[in-house]
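First to last, the protein sequences are chains A and B.
FYI, in our numbering the residues of the first sequence are 1 to 411.
FYI, in our numbering the residues of the second sequence are 412 to 613.
Treat the hints as calculated values from the structure; they're not laboratory data.
Please note that the accuracy of each hint is not assured.
[Said to hold, decoys possible] Pair by pair, the computed Cβ-Cβ distance ranges are:
#1 A/A236 - B/Q432: 23 to 31 Å
#2 A/E230 - B/E447: 29 to 37 Å
#3 B/G555 - A/T9: 18 to 26 Å
#4 B/V583 - A/G239: 34 to 42 Å
#5 A/D37 - B/M425: 47 to 55 Å
#6 B/Q440 - A/Q32: 55 to 63 Å
#7 B/L609 - A/E52: 27 to 35 Å
#8 A/Q32 - B/G584: 15 to 23 Å
#9 A/E230 - B/E599: 45 to 53 Å
#10 A/E52 - B/M425: 29 to 37 Å
#11 A/E31 - B/A428: 34 to 42 Å
#12 B/E608 - A/D36: 36 to 44 Å
[Claimed, not checked] So, partial list: chain A residues that the calculated Cβ filter (under 10 Å) puts toward chain B:
#13 L14
#14 L43
#15 L62
#16 A69
The structure displayed is predicted, hence computed values, not measured ones.
No residue lacks a Cβ here, since even glycine has one placed at the ideal position from N, Cα and C.
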Amino acid sequence: MSDASFHDTDDELLSAYVDGELTDAERAAVEQRLRDDPRAQALVAELRAVSETLQALPKFELGTSLREAVLRQSPIRAERAHAEGGGTRRWAWAVLAVAAALMLTVYLPEANRDEQPLAQAPQKKLEARQNEPQLIVANEKATPELSLRAKSPAAPLSETIGGTVENIVELKPETDNIASADSFVTGTAIDGTLRGAPIQTPQIQPIGELPAEDYLVHLTPVDRSVGTTEFDQLLASHGIALRGDSSNSSNRGAGERRTDLFAVDKEAEETKADKPTEGELVIVEAPLEQIQQLVASCSGANSPWKSLRLVGQDGADARLLETKADDSPAEAGIAVAMESLSLSDDEGQESHGWALHLGRNRVALGLLPEVEAVQRELAGNERQSAGEPSDNKQQPKATIRVLFILHPAEH
Amino acid sequence: MLVSDEFPADESPMDDAQLVQATLGGERQAFGVLVERYQDRLFNTLVRLTGSRHDASDLVQDAFVQAMVKLDTFRGDARFYTWLYRIAMNLSFSQHRKRRPVASVDVAKEQAGEEPMDQGQGPEEDLLQTERAQMVQQALLRVGDEHRQILVLREMEGCSYDQIGEILSVPVGTVRSRLFRARLQLKEQLQIVLQDELDQGK
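Chain A with its partners taken away, still in its complex shape (with noise of 0.2 Å):
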């Protein structure tokens, strides 16, 4: 049976009229068609057995109950679980704990051009910026198992390095400096990918202030083979030039509208022979669009990322995408956001967290048409504000702030 031939409008109110979802006047004109129509008589009474055949079939009942089994299986939720921090908190939060795992050493960029590298930063810096909101890395130089992928789920993040910064204070109270960081990282915006990651008491230095993204966008390539390089790359294919210390290892264009706030530290990880380590925290600031273009081409059987995790600020929905296939429609309009599509890989690993997995996602991602209409609106808006023609002029857009991590690949 072909779509074509029964896709008439007038034949789907009488799939509404069956379950009661017409209008007045809709309803009427339909009961009207039904009294001198025998086809559309013959269609209800289909429409309404195929209902009813679905409504009649039994339900199933599990037996047993699961909240043990949920229970344990879910982190130790902190006392304060909602902190009143906003999503700079929030982010502070998370990326503290990406970066614990991830082992980086960040520089400060751009604006702190002056100032030495964190990573050999005097403790007396660490002191003086005590009583700044903080952005907090670790620098752990060890245990490639502190990689994302927890081998064992048995031990919550929370558990470990506790979901507020008591208890991280508590697990390492060697890195008093971090006290200061009491003011902020407050959220527990723990990370499904994080569970289970034994982090072995590293160093934290504070080297910054953490301004608050838009979205959150966590990217694994699928080995080793790909890194920091082939992230640069993706940035520049889509006109992000980074700005950064020239004398970074990591492919730096210059200086363009686009920044980038935070470098890793090579230095730390070329005394490893395998890079198992590799990774990149990155702040662009671009369009919506653009960044929508780039999410969206790192999709795709072929690309080199693995999984791509998209999160909106304070934990929301990032609604951003959805998921296009017009060869088969069963698997477009799937927003792809926190709330979509899982990270659980084959060997079950990582089930609870969210994200697209890209190696096996063949579908085409867009934008949402909501997303969309809001950013036709806000063209339109600075437009009008900025009282320019409404054509082949460069319009300012407006852009999105988006804190780009870069997860070493696992093998």
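Chain A is already provided as a structure; the job is to place chain B on it using the hints.
Same frame as chain A, now just chain B:
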């Protein structure tokens, strides 16, 4: 929001929102109440969606775990069950995609003998009902994901068009047309399954 009224009120004096807040406040057992409140409803829906009791059972558990992990992202403007349902649905889709192609017939066999039955009927009637339910499930599994999903939302969950639109992030007009096509597709598949059964001399 999904229909909540369809579900009998729990004896627990706390409503979903209160339980969510309690969980966020550190009372883990409050989440356990939510689990017990919704596990069977979600399970039934997922069995119909996936065709496998085993998969559905895993999915229910995974969905609850994810929900708990991400509970602080739950916003009060949606019903907890709606939110949970979306989590489960997305899990189901991603896992389903990984395992393609799904052998729908095997799935139907897997649950043979496990169909719940109404009490008080004779054995023959039970058998008939079981066979019939299996055929319907088989037909349902032959329907495309998108269509099966909307059928389950409408017929199993009893969602209104508005609610379906909210869950699937599509306009009501799309709900209407998709549901219509889904029913036609299911009707066709029911006929095919029935014919297969007849051909096998049943």
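Need the list of violated hint numbers for this structure, in ascending order. 1, 2 and 7
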